[in-house]
Amino acid sequence: MTSKYSAFSVLREGLRGQSGWCKAWRSPKPKAAYDVVIIGAGGHGLATAYYLAKNHGITNVAVIEKSWLGGGNTGRNTTVIRSNYYYPASSALYGLSMKLYKNLSKELNYNVMFSQRGMLVLAHSEPEMEMAARNVNAMQLNGADAILMDVADVRKKAPLLNFSKDARFPIHGAVWQGSAGTGRHDAVAWGYARAASALGVDIIQNCEVTEFIKEAGRVCGVETTLGPIRADAVGAAVAGHSSVLAKLAGFKLPITSYALQAFVTEAMKPVMDTVAFSPAYGTYFSQSDKGGLVIGGALDRVPSYGQKGNLPIQEAVLSGLVEMAPVLAKVKLLRHWAGIVDVTPDSSPVIGPSGIDGLYVNCGWGTGGFKAIPAGGYLFAHLLANGTHHEFSRPFDKDRFVTGRLIDEGAASGIAH
Amino acid sequence: MQLFPCPFCGLRSEGEFHFAAEAGKTRPVTTRDVNAEEWAAYLFDQKNEKGATREVWTHLPCAEMFIMSRDSVTMEVLGTQTLRKLPA
Numbered sequence: 001m002t003s004k005y006s007a008f009s010v011l012r013e014g015l016r017g018q019s020g021w022c023k024a025w026r027s028p029k030p031k032a033a034y035d036v037v038i039i040g041a042g043g044h045g046l047a048t049a050y051y052l053a054k055n056h057g058i059t060n061v062a063v064i065e066k067s068w069l070g071g072g073n074t075g076r077n078t079t080v081i082r083s084n085y086y087y088p089a090s091s092a093l094y095g096l097s098m099k100l101y102k103n104l105s106k107e108l109n110y111n112v113m114f115s116q117r118g119m120l121v122l123a124h125s126e127p128e129m130e131m132a133a134r135n136v137n138a139m140q141l142n143g144a145d146a147i148l149m150d151v152a153d154v155r156k157k158a159p160l161l162n163f164s165k166d167a168r169f170p171i172h173g174a175v176w177q178g179s180a181g182t183g184r185h186d187a188v189a190w191g192y193a194r195a196a197s198a199l200g201v202d203i204i205q206n207c208e209v210t211e212f213i214k215e216a217g218r219v220c221g222v223e224t225t226l227g228p229i230r231a232d233a234v235g236a237a238v239a240g241h242s243s244v245l246a247k248l249a250g251f252k253l254p255i256t257s258y259a260l261q262a263f264v265t266e267a268m269k270p271v272m273d274t275v276a277f278s279p280a281y282g283t284y285f286s287q288s289d290k291g292g293l294v295i296g297g298a299l300d301r302v303p304s305y306g307q308k309g310n311l312p313i314q315e316a317v318l319s320g321l322v323e324m325a326p327v328l329a330k331v332k333l334l335r336h337w338a339g340i341v342d343v344t345p346d347s348s349p350v351i352g353p354s355g356i357d358g359l360y361v362n363c364g365w366g367t368g369g370f371k372a373i374p375a376g377g378y379l380f381a382h383l384l385a386n387g388t389h390h391e392f393s394r395p396f397d398k399d400r401f402v403t404g405r406l407i408d409e410g411a412a413s414g415i416a417h
Numbered sequence: 418m419q420l421f422p423c424p425f426c427g428l429r430s431e432g433e434f435h436f437a438a439e440a441g442k443t444r445p446v447t448t449r450d451v452n453a454e455e456w457a458a459y460l461f462d463q464k465n466e467k468g469a470t471r472e473v474w475t476h477l478p479c480a481e482m483f484i485m486s487r488d489s490v491t492m493e494v495l496g497t498q499t500l501r502k503l504p505a
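Chains as they are written, first to last, in this note's numbering: chain H, 1 to 417; chain W, 418 to 505.
Hints are computed from structural coordinates only; laboratory data are not their basis.
Any given hint could be a false lead.
Claimed, not checked - The following label-pair restraints were derived from C-beta to C-beta distances:
(1) Trp-456/W / Ser-319/H: 21 to 29 Å
(2) Ser-125/H / Arg-449/W: 16 to 24 Å
(3) Phe-251/H / Thr-448/W: 24 to 32 Å
(4) Asn-452/W / Ser-125/H: 42 to 50 Å
(5) Thr-403/H / Pro-422/W: 40 to 48 Å
(6) Asp-35/H / Ala-453/W: 48 to 56 Å
(7) Val-327/H / Leu-477/W: 42 to 50 Å
(8) Trp-456/W / Ser-125/H: 50 to 58 Å
Unchecked claim - 30 Å max Cα-Cα, derived DSS-like pairs, lysine-lysine:
(9) Lys-464/W / Lys-214/H
(10) Lys-247/H / Lys-464/W
(11) Lys-502/W / Lys-308/H
(12) Lys-467/W / Lys-66/H
(13) Lys-442/W / Lys-308/H
(14) Lys-106/H / Lys-165/H
(15) Lys-4/H / Lys-442/W
(16) Lys-464/W / Lys-66/H
(17) Lys-214/H / Lys-31/H
(18) Lys-502/W / Lys-214/H
(19) Lys-442/W / Lys-247/H
(20) Lys-467/W / Lys-247/H
(21) Lys-4/H / Lys-157/H
(22) Lys-157/H / Lys-247/H
(23) Lys-467/W / Lys-308/H
(24) Lys-102/H / Lys-54/H
A quick note: this is a predicted structure, and the numbers were derived from the prediction, not measured.
All residues carry an ideal CB built from backbone N, CA and C; glycine is no exception.
All chains, full assembly: derive it from the sequences and hints.
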């Protein structure tokens, strides 16, 4: 059976009717006990399992998933990968993610289609240009790549945009991050799943946690729809449903769940080879390799666990798109969906001990979890393996809400998650 | 577009409403020392219930705050309650 993907194996399997491929990952029955159980087989959970096995040699690991692998926010995002943040702690975190993404296809032997096509964050007034300059300076000081572009530079990068002086928000310039881009969201989940499974990790789908097994105040495993599974350490990476698990386990999180919507249009010829985001219009878009525009915007402002969006935000996002690039007004939408995102008060994630021994959390990524999958997994694996923080995840511990050392990226970089 | 019921103005478009907070939180009494954990719990921790919720909302045009009970999965409104007290 063929398990390694290469030009040679694609050719050979093509010649013998694709009959020799083995399954990308195993689907074993759960064992009675593991060293580590990870709840949630999304990008973060699967990446955590992979790095536990690869970096820490811990392979007696199960990733359990109530539904199918990669079917939550990993399969529902707009695939943008960037590290244009303001604070040093964020820059280190998302910078690590970019670094890992760059080599991910090769490392996993799975094409995650990371395309560093660059990203424009548009500035629509002189004051916004001043804030953009401040952000660029901060990013450069933190070692992230960013440059300030004037309107002529922006026009060269994305001639499709609305450069009319009569536009509701005329373009004055932009923050350009050339290393940003897009990836293939499903492939990130599938690639990590396949690589983790090959290292011995058990991925168990359709297995929902119903209760935590506690002994002397310590979490020792989980009760699931497939029976009890014991573990020395349990990690939860369940995004919008983190509060539901927290309630089961008996601790609190500073998280509110909202629906975040996204849209894909019919496929068309290449019109846009970068990502453009306009905070003023509240809309961003890119064009996928298949040709469809991938469009996103702000959160629905109604707390929600229903994976569907509301009309006012659809109207705001799509009217923003038409103002950003009027030529797109007649393009037809193909699909539309919503994911449930876990928003924290300071728009930064929560990685760390839950407050209950034996249970750790990786959550609070809000609208920006996809870009952080490799770093989230890398740092969460470190935490689960050692019981202590990696220096990059330390600032993102839940204790920052008590000490007051918030990492308020919502205010600092104007990123709304 | 969903219609939310304002207890003062009746059914209005959801865009006119602003989610303020979960209902039922009590601000720590500052006549005694309040530690950082208590402040953090009051300011930041959320129940974030899946299913039936009780929340404080503002209807922006009339600027009244009220309690709305909703189902956070189906988005069905289960009821509203004014926060005004009648004069004694």
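Tested hints:
no.: 1; hint: Trp-456/W / Ser-319/H: 21 to 29 Å; result: violated (41 Å)
no.: 2; hint: Ser-125/H / Arg-449/W: 16 to 24 Å; result: violated (48 Å)
no.: 3; hint: Phe-251/H / Thr-448/W: 24 to 32 Å; result: holds (29 Å)
no.: 4; hint: Asn-452/W / Ser-125/H: 42 to 50 Å; result: holds (44 Å)
no.: 5; hint: Thr-403/H / Pro-422/W: 40 to 48 Å; result: holds (41 Å)
no.: 6; hint: Asp-35/H / Ala-453/W: 48 to 56 Å; result: violated (35 Å)
no.: 7; hint: Val-327/H / Leu-477/W: 42 to 50 Å; result: violated (35 Å)
no.: 8; hint: Trp-456/W / Ser-125/H: 50 to 58 Å; result: violated (37 Å)
no.: 9; hint: Lys-464/W / Lys-214/H; result: holds (21 Å)
no.: 10; hint: Lys-247/H / Lys-464/W; result: holds (8 Å)
no.: 11; hint: Lys-502/W / Lys-308/H; result: violated (37 Å)
no.: 12; hint: Lys-467/W / Lys-66/H; result: holds (16 Å)
no.: 13; hint: Lys-442/W / Lys-308/H; result: holds (28 Å)
no.: 14; hint: Lys-106/H / Lys-165/H; result: violated (46 Å)
no.: 15; hint: Lys-4/H / Lys-442/W; result: violated (55 Å)
no.: 16; hint: Lys-464/W / Lys-66/H; result: holds (22 Å)
no.: 17; hint: Lys-214/H / Lys-31/H; result: holds (18 Å)
no.: 18; hint: Lys-502/W / Lys-214/H; result: violated (45 Å)
no.: 19; hint: Lys-442/W / Lys-247/H; result: holds (17 Å)
no.: 20; hint: Lys-467/W / Lys-247/H; result: holds (10 Å)
no.: 21; hint: Lys-4/H / Lys-157/H; result: violated (38 Å)
no.: 22; hint: Lys-157/H / Lys-247/H; result: violated (48 Å)
no.: 23; hint: Lys-467/W / Lys-308/H; result: holds (15 Å)
no.: 24; hint: Lys-102/H / Lys-54/H; result: holds (18 Å)
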